[in-house]
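If you read the sequences in order, they're chains A and W. Under my numbering, read the first sequence as residues 1 to 198, first letter to last. Under my numbering, read the second sequence as residues 199 to 692, first letter to last.
Careful, some of the hints might be misleading.
[What the hints assert, rightly or not] Cut-off 27 Å, straight-line C-alpha distance, at most; resulting in silico cross-link-like pairs (DSSO-like, lysine-lysine):
no., chain 1, residue 1, chain 2, residue 2
1, W, Lys306, A, Lys172
2, W, Lys232, A, Lys172
3, W, Lys232, W, Lys306
4, A, Lys172, A, Lys185
5, W, Lys306, W, Lys362
6, A, Lys183, A, Lys197
7, A, Lys113, W, Lys404
8, W, Lys575, W, Lys638
9, A, Lys197, W, Lys638
10, A, Lys197, W, Lys575
The set of hints was computed from the structure by calculation and includes no laboratory data.
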Amino acid sequence: MDFQTLVFFFLSAILVFASLRVITARNPVHAALYLILAFFSCGGVWALLQAEFLAIAIILVYVGAVMVLFLFVVMMLDINIDRIRQGFWHYLPLGALLGVLMVVEMGLVLGSKYFQVPASEAMLPANISNTKGLGALMFSDYVYPFELASIILLVGMIAAIVLTYRGPKKSKYTNPAKQVFVKAKDRIRVLQMPVEKD
Amino acid sequence: MFDNFVVPDLLPAAPELFLAAMAAVILLADVFIKDSRRTVVFALTQLTLLGCLVIQFVTMTGEVTFTFSNMFVDDLMADLLKAVLYMTVFVVLFYSRGYVLDREPMAKGEFYVLTLFATLGMMVMISANHFLTIYLGLELLSLSLYAMVAMNRDSVASTEAAMKYFVLGALASGLLLYGMSMIYGATGTLEITGIGQLLMTGQANKTVLVFGLVFLVAGLAFKLGVVPFHMWIPDVYHGAPTAVTLFIGSAPKLAAFAVTMRLLVTGLITLSQDWQVMLIILSVLSMAIGNLAAIAQTNIKRMLAYSAISHMGFMLLGVTTGVVGGDARMALNAYSSAMFYVVSYVLMTAGSFGMILLLSRAGFEADNLDDFKGLNKRSPWFAGMMMIMMFSMAGIPFFIGFFAKFAVLQAVVAAGYMWLAIAAVIFSLIGAFYYLRVVKLMYFDQPADETPLVAPLDMRVLLSANGLAVAVLGMFPDILMIGCVLAIRHSVIA
Numbered sequence: 001m002d003f004q005t006l007v008f009f010f011l012s013a014i015l016v017f018a019s020l021r022v023i024t025a026r027n028p029v030h031a032a033l034y035l036i037l038a039f040f041s042c043g044g045v046w047a048l049l050q051a052e053f054l055a056i057a058i059i060l061v062y063v064g065a066v067m068v069l070f071l072f073v074v075m076m077l078d079i080n081i082d083r084i085r086q087g088f089w090h091y092l093p094l095g096a097l098l099g100v101l102m103v104v105e106m107g108l109v110l111g112s113k114y115f116q117v118p119a120s121e122a123m124l125p126a127n128i129s130n131t132k133g134l135g136a137l138m139f140s141d142y143v144y145p146f147e148l149a150s151i152i153l154l155v156g157m158i159a160a161i162v163l164t165y166r167g168p169k170k171s172k173y174t175n176p177a178k179q180v181f182v183k184a185k186d187r188i189r190v191l192q193m194p195v196e197k198d
Numbered sequence: 199m200f201d202n203f204v205v206p207d208l209l210p211a212a213p214e215l216f217l218a219a220m221a222a223v224i225l226l227a228d229v230f231i232k233d234s235r236r237t238v239v240f241a242l243t244q245l246t247l248l249g250c251l252v253i254q255f256v257t258m259t260g261e262v263t264f265t266f267s268n269m270f271v272d273d274l275m276a277d278l279l280k281a282v283l284y285m286t287v288f289v290v291l292f293y294s295r296g297y298v299l300d301r302e303p304m305a306k307g308e309f310y311v312l313t314l315f316a317t318l319g320m321m322v323m324i325s326a327n328h329f330l331t332i333y334l335g336l337e338l339l340s341l342s343l344y345a346m347v348a349m350n351r352d353s354v355a356s357t358e359a360a361m362k363y364f365v366l367g368a369l370a371s372g373l374l375l376y377g378m379s380m381i382y383g384a385t386g387t388l389e390i391t392g393i394g395q396l397l398m399t400g401q402a403n404k405t406v407l408v409f410g411l412v413f414l415v416a417g418l419a420f421k422l423g424v425v426p427f428h429m430w431i432p433d434v435y436h437g438a439p440t441a442v443t444l445f446i447g448s449a450p451k452l453a454a455f456a457v458t459m460r461l462l463v464t465g466l467i468t469l470s471q472d473w474q475v476m477l478i479i480l481s482v483l484s485m486a487i488g489n490l491a492a493i494a495q496t497n498i499k500r501m502l503a504y505s506a507i508s509h510m511g512f513m514l515l516g517v518t519t520g521v522v523g524g525d526a527r528m529a530l531n532a533y534s535s536a537m538f539y540v541v542s543y544v545l546m547t548a549g550s551f552g553m554i555l556l557l558s559r560a561g562f563e564a565d566n567l568d569d570f571k572g573l574n575k576r577s578p579w580f581a582g583m584m585m586i587m588m589f590s591m592a593g594i595p596f597f598i599g600f601f602a603k604f605a606v607l608q609a610v611v612a613a614g615y616m617w618l619a620i621a622a623v624i625f626s627l628i629g630a631f632y633y634l635r636v637v638k639l640m641y642f643d644q645p646a647d648e649t650p651l652v653a654p655l656d657m658r659v660l661l662s663a664n665g666l667a668v669a670v671l672g673m674f675p676d677i678l679m680i681g682c683v684l685a686i687r688h689s690v691i692a
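So that you can see chain A by itself, here it is in the shape it has in the complex (with noise of 0.2 Å):
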């Protein structure tokens, strides 16, 4: 067995130690806390893989973006694990044949002869790396569809802008020396309104 086998397996079993603690753990933080430990494992497989930009990406986007939001929000939230936990034997026979339904499925479609599609032959040259070939593809054959993401990101943006900002708060205070040279016709003021339906 050389290095690299041994290092698959080390980080294999990290990755499914982990992931059985993300679904077995009581407090949702620490599940949190092993979905990362998951995916950074995950992201080393892929290295292993020569799928370098696959594992930065990973760890960038999930670990550094993704997870800490989703920790921030378990944190804010008060989950009772206990009352999530009620029924958990009483709902076990239809979660476990839906589970096993899903793998039937899954193995009929990718057993099925519909969709064995040869894997691809092309190879980069070894002097490209993955990284540089994704990225020279992304700006010449993809340029299109990538800068039209980017505008449905900016689009994004703009929409919850728009939904959400009520415009600034000022400060509401009173001037006391404004306050006493009031006089009743400015505090009353008649109007004559034409009468609107509705």
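With the hints as your guide, set chain W onto chain A.
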């Protein structure tokens, strides 16, 4: 390996690039413009649309051009539909201006920026030759629309409509993507012309293709809003602010038509016998449910929503009858009649919703049928305009709607579907009832509301022009029809 980098040919996509750049400029300009000077944003938006129209005509080559590694196609159909699209959005923004100004949360520049981005999404859809670009264009359009529907955020109805639209829209996008992935699995390519060529050789697995096709048609049907994927239409039309309803109800139909043509005709014409059956079911159901349910409505926005469902069903008849039993001789007439139908529908629907906006004012939405009572006494001219729209939608000669229906029916009869033509005529007759009821309310009832109309001059002029266009194009439909025939012959049949 990467030394031979070639800059893609940007010229065919010049209008898209211009629009994207201008939308970003307007977004930034809006930050520095005071609220009192909001007209500048409006003017910039309208100039952008006019600029797109000019660029479109200047860069028109009259040939089918592919660029961005075949993801983008520029042909006559795209040119024509995009030109109609710019004009529609231009007119829509003029109609909406007063309405938007009167409603505080919508009076911001973002309304115009989102409209421009939605327009960009539709242009991308019209020119798409790749599953990826179809999907991205669709999402760009939908995301902008979701936000626009919810923009009037203090209104419960708008928020509910936006939520419903968002959830159902996401579901429909999922269906479309699933269908696309199946077809990709069977053909191994995402490029639409490539799929078309590959299917001609008959190598791909038919079962997987048809499986994917079902989902593809379901996704398209949702976007077009035909039965049984129509449930969102009445609620969204009703709940959205009328200015947004006008936008949703008009321009996106052009994009949905273009995508239908590209996917079903350019890409999957070899499966025509399979999708024809699906489209016939969809269109008959749409005409039946759309026309019957519209009768029961008291809200004119809901009524026009059901009318939209029935019109889209009618339009699909044209798409259906292009190829019968592998014989494509009728294709030119059928597809161009469908295109004529969709363009004329957009013209009529813009005018009808424009009339609702004309009668609305600050704090008052004229969206009930009763608000049209006695319009003739308040403004005989605009009552006449509304009458033209309603007659045209009902398909009464000699307005443009009549010729649209006539052309589609001709194609249906030529294809040998006599029963389908008879059903279409019967459902149109039923539909005429609720269009004529609006006319009856305007001319024979006493006005419940005597307030004079307050719309600005520019809107009155454009609305009159819109109404007259419906009437004049009804007398000379050949101008538009020749354009549609040329576009289809040039882009689809070849």
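To see whether the hints hold, each was checked on the structure:
Using a Cα cut-off of 27 Å, the hinted pair Lys306 of chain W and Lys172 of chain A holds, with the two alpha carbons roughly 25 Å apart. Pair hint Lys232 of chain W plus Lys172 of chain A holds up; C-alpha atoms about 23 Å apart against a cutoff of 27 Å. Restraint check for Lys232 of chain W and Lys306 of chain W: the C-alpha separation of about 10 Å stays at or below 27 Å, so the hint holds. Using a Cα cut-off of 27 Å, the hinted pair Lys172 of chain A and Lys185 of chain A holds, with the two alpha carbons roughly 23 Å apart.
Between the alpha carbons of Lys306 of chain W and Lys362 of chain W the distance comes to roughly 24 Å, so the proposed pair stays at or under 27 Å and holds. Using a Cα cut-off of 27 Å, the hinted pair Lys183 of chain A and Lys197 of chain A is violated, with the two alpha carbons roughly 35 Å apart. Taking the CA atoms of Lys113 of chain A and Lys404 of chain W, the gap is about 13 Å. The hint holds against a cut of 27 Å. A hinted pair counts as satisfied when its Cα atoms are at most 27 Å apart, and Lys575 of chain W with Lys638 of chain W qualifies at roughly 13 Å.
In summary, the hint linking Lys197 of chain A to Lys638 of chain W is supported, as the alpha carbons are separated by about 23 Å, within the 27 Å threshold. With a C-alpha separation of about 19 Å, the suggested pairing of Lys197 of chain A with Lys575 of chain W holds against the 27 Å cut-off.
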